[in-house]
Amino acid sequence: MDRSRFLSRVGGGCLLAIGLAGAATPATAEISFSNVTGSSGITDTGETFSTGWGDFAGTGFPGIWLNKHQYTPTRIFYNLSGSGFTEVADDVLKNEEGVPSPQTDFNIPRAETGPGEFSYFADTHGQTSADWDNDGDQDVLEVTGAGYIFPLWENDGLGNFEYRGDELGFAYPLTWERRERPPIGGRDSLFFDYDRDGWLDAMVMARENYSAYRTPTAIFRQERIGGESFFTLDESTGVVPDEGTGPFPGTACEFGAMAELSGDSVLDVICSDSQISAIWDVSQLPFADLRPVVGDEIFNRYPADLAIGDFNNDLRTDIMAPTFAGADYVRNLVGVVDGQTLHGWFNTSVPSNSGFNFSATGNVTFEFDWWTETPNIFIGADGSNPDLATNLPTMPFQELGHGDPNHVVVTLSPTEAQGLAPIFVPEDNDGDPITGVFIGYVDGEWRVRFSGIERWNVGMVITAQSGISGLTSVGGTKIGQDTGGNALLFLQSEDHELVFSGGNVQAVNRSCTAAAAADFDNDMDLDVFFACSGQLSNLPDIVYENQGNGTFVALPAAGGAEGQMPLGRADSVMVADYDEDCRMDVYVTNGHHFRPSSYAGIHQLFRNTTSDGNHCIQIDLEGTVSNRDGIGAIVYATTPDGTVQKRDQNGGKHKKAQDYQRVHIGLGTNQSVDLEVHWPSGIVETFANVAADQVVELVEGTGGTGPSYSLSVDDPTVTEGSDTQALFTVNLSPAPGAGETVLVDYQTANGSAQAGSDYTSTSGQLSFGEGDSSLTVSVPILDDGTAEPNETFTLQASSSEASPASGTATIQDDDGSGGDPTCGMPTFDPAVDRGVYLWNDCGTNDWHLRITGGGSGQYLNHLGTLVADAPFVSVDGFSVEANDTLDVAGSQIDFGLIVGGVYEDGIDFTLAEGASVCFTLTSPSGLAVFGGVDADPVSLPVSMPGFGDCGGGGGDPTDPTCGMPTFDPASDRGVYLWKDCGTDDWHLRITGGSSGQYLNHIGQLVADAPFLDVSGVSIEGNDTLDIGASQVDFGLIVGGIYEDGIDFTLAEGASVCFSLTSPSGLSVFGGVDADPVTLPVSMPGFGACDGGGGDPTDPTCGMPSFDPASDRGAFLWKDCGTDDWHLRITGGGNGQYVGHVGSLVADAPFVSVDGVSIEANDTFDITASQVDFGLIVGGIYEDGIDFTLSQGSSACFTLDSPTDVSVFGGVDGTDVGSPVGVPGFGACAVP
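With mature numbering (1 follows the signal peptide of the UniProt record, and there is no 0) applied, the sequence shown corresponds to residues -29 to -1, 1 to 1202, in that order.
Since the hints were made in silico from the structure, they are not lab data. All figures in this text were calculated on a predicted structure; none of them were measured in a lab. Cβ atoms here follow ideal geometry from the backbone N, Cα and C, with glycine treated the same way. Watch out, some of these pointers could steer you wrong.
Here are the computed distance ranges between Cβ atoms for each label pair [as the list claims (entries may be wrong)]:
(1) Ser1038 with Ser704: 44 to 50 Å
(2) Gly826 with Gly919: 27 to 33 Å
(3) Thr203 with Glu741: 35 to 41 Å
(4) Ser1038 with Asp1186: 37 to 43 Å
(5) Thr1049 with Gln255: 31 to 37 Å
(6) Thr763 with Arg944: 42 to 48 Å
(7) Ser10 with Leu129: 47 to 53 Å
(8) Asp984 with Ser437: 35 to 41 Å
(9) Gln477 with Asn1105: 44 to 50 Å
(10) Gln246 with Thr1049: 54 to 60 Å
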């Protein structure tokens, strides 16, 4: 899209200016925040589900609507004109009689109870505010779970809200029922006007994977009948129930958002669950699937939230997202979070008699979630239940000892908890099994065990003032939380593909749950705030500062907004300028699951204190033909410096949060702005020369819509010495008509070329008369007689009749290289010239490498290395994106740059004084390489400086393991191993080779000394990477054109054995020449592993080679030098899924026992020294058990059924039969 088409010719009317409190102090400063929660009046803690900014009171200052989730009263904070907030929920929410009342008096109808039966407090989930009835105030739609009618709150214009949920529709037909339950309940909502009739419609979102949400996502159209509104289910959109007729049946959404992603100036709708479920073009009926347009990549990722905006200022909307370390409900895990506090979460898959132990002196307090009642808890040797009085109220009307929802808090001394009752499965009064939690104090430590979990989950917080230590796992409980996560950045290309560009974001590797975008420093680019949390407790928040081009750097300590740590769990983040000082502030809620750990979450307000002298404009849109809020509009802002910015008015919605609808645009040092609004109705209007640092109200129909002009400037290229003038062609479209004149001012500006030495500063004015479409500006070029690289400068053109434009002149040097053929940038056009270009900056050790696409329709991976004889001084990638690789280590650079089309990628590097470097391109073969300012052909491998022979060809000829081999993940299938020359840094890559099968590649790395470092490459949620001190076990799912891998560093003098157990027969290649190697293989050297990866003195040691898809049996082995054992039972492609029944009986208690791939139909019973199992295995799958023996102890393994399954032991897979003793694989010594 051409920026120059956005113009500022006509002055608009009806600009309501609201003076902004405070003025920015001119200064140079990074983004900074101050935590003002304590003084703001927003004092709230505990569980949350959704929050939103909105001007609910009609004062022009945004307040906060905070949904607290199940049965907990909603909190509403009104803004006191920027000076603070006051809580007003009980004063402004009207009950069913239309009278403001405390929420304890509310009767919100529950769909399944029938007439006359009501429940206090709806189970509030997502909330969305918008002026759905077009009367000038903000109304609110709350979506609820558990079968409640959706509360729709209508604002009376004075900030009071009347409940109208069951009057205005939102009714599902019975054909939408799910799991034979009434069709009601949802997750979140979104207002948008898909039929563009000027009245907002609604999308209600629900998830498929949770039974409480009984309907899939649905679209409700707002209809006007007799001046009244009704919301009617509209299946013509194609969004239909699970078994419905339409293109989008049973769509699962956690949340929805809007963004302009298809180039038609209509905002599209994003539906996201754990992954993006759908992106719809809503400009037609039924909605159209935009996946073919935006591409598959964004659908293959796991965004936890979406920050939406134009991040690289190319006037196309982009998306940035955090990733969360793990799903909420899939782990049984426990961890100490602050020395005195332990958080735990356990689900229905928890094995019987599993749990954890810990040490603490003195009293210990156990706090449980909603679903755990006193009859579920068994204390001490006699298994007594806590007193009913320990079940504390969670809601205002509850008393001690109440029922669901529960909140049991019991404090125990070691004496009160002495002993541990035998584990059994308790039953309720109807004889049905219920959850059993057993707490005891045995042999100086606290023990917590489960008999199994029925129905819901068990969350707990354990506190001990004396401190908690010695936390150990029993029966598969995971100790500690996962904390890693990535920032996902998708930049919209010219053809509207969302291109993954994660390499543009500084890697922090932190799990984050929420995101919001805003120009926090008003420097004319959008920054991003991530609120971060692990599975059990908070992590520091991240502020990513945009560097002006869509690349992001994380600010130290989040600029003062790292947030509450470690208690609480970040749930949502939303942005608004709450005090109208032109700086965007941030509100973070920290009450995410799990309960009761979320009860400690403090919700925090961070005031933006950035002081850099920059300006802003803030815009309230008022539709007259369009909906009143202007939701769906696009705003373009053009500043006098020629910058054009784009904002989508998408209502501010993203996951569990709503940013303030007011449009905020940073203006840098500009003090005025021209605005162009593309209204949802299709009307386009301009509002010219709007003063900065104010809030303006733009009313549809009052802006300028007269004739307009577009400016552009061509880019000339001149040669120093032979060309004395740079001729810029300035173009105006359309040409002026009869009697019209358009004046255009122009001025040169320095780039790498400097006025006075390279060219003569030039300024003036052009007059375009009738029929003039182009005029020329001449700029004198100076010959400085100095050898130098090509240089550039610009000509900036501006007019009161059109938006600014600029052109860039390139001056090619004519002074040669001073005898150095490597010196100076060659002339090439990435769009037409295909090749590799090498040069250095004259008189320096700064070098450049560029690889160009030359218009090729193929995007090829260009693989190569740069190996220097001294460490590089600096290395920087040029246009390196997420699908590229750039591995830098001391004196070696390994790269894989995917280039094609009109694009170029490259590397900038600086050599140490006197150093040289060898460049090798291993793929594709035959690509031309050019060197120096004259682009002379050079032969590979080539040495720099000098462009001579490397004398060695890259890598180290004395070490065949050294140097990255040539491979293309899209065409070469295999495993590749190599190390960085002269180091102990090793790399493993597994490539898909365009295979249509995505296979799990299972293997291990076992070293004879602890690894110094291990990191995964392209590890995703379905991969496994278990890292021990000297062993790495992995399961990497790879296929298609992709690659996964592991980077690891060996201790000096250490060796490692690599084995791949599945799939069998996959080729393995080693070193720069990709020589075939035989598994198991030892590194360094690529020799045998002295016994195949195990210990030749211990035949039980080392993982055997087997493929679950073809090898049928039970496999036993241990990790070398440890007491850690593994049992795997494989299906071997068997079409029957058979129950494998057996036991492990030890002569001393197990240190730990963990199930592997244990599912609901398996049985897994653990006592101190015995494991009884029934594992149903077949097909291509495997189940198993990992267990650790006490030092010096032994165990007997017996497989009772089926009797025809062989048992194999150790790295060689020797048939050992059953029963069999471990260690040793001899006869069982245990009775």
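Structure-based check of all given hints:
1. Checked against the hint of 44 to 50 Å, the pair Ser1038 and Ser704 fails, with Cβ atoms roughly 59 Å apart.
2. Judged by the Cβ atoms, the range 27 to 33 Å given for Gly826 and Gly919 holds: they are separated by roughly 32 Å.
3. Here the CB-CB span from Thr203 to Glu741 is close to 56 Å, at odds with the stated 35 to 41 Å.
4. Restraint check, Ser1038 to Asp1186: a C-beta distance of roughly 28 Å breaks the suggested window 37 to 43 Å.
5. At roughly 59 Å, the beta carbons of Thr1049 and Gln255 sit outside the given window of 31 to 37 Å.
6. Between Thr763 and Arg944 the CB atoms are about 45 Å apart, so this pair conforms to the stated range of 42 to 48 Å.
7. Checked against the given bound of 47 to 53 Å, the beta carbons of Ser10 and Leu129, roughly 27 Å apart, lie outside it.
8. Between Asp984 and Ser437 the C-beta distance comes to about 36 Å, which sits within the given range of 35 to 41 Å.
9. Separated by about 49 Å at the C-beta atoms, Gln477 and Asn1105 satisfy the suggested range of 44 to 50 Å.
10. Between Gln246 and Thr1049 the beta carbon distance is about 40 Å. The supplied range of 54 to 60 Å is therefore violated.
Of the numbered hints listed earlier, those contradicted by the structure are 1, 3, 4, 5, 7 and 10.
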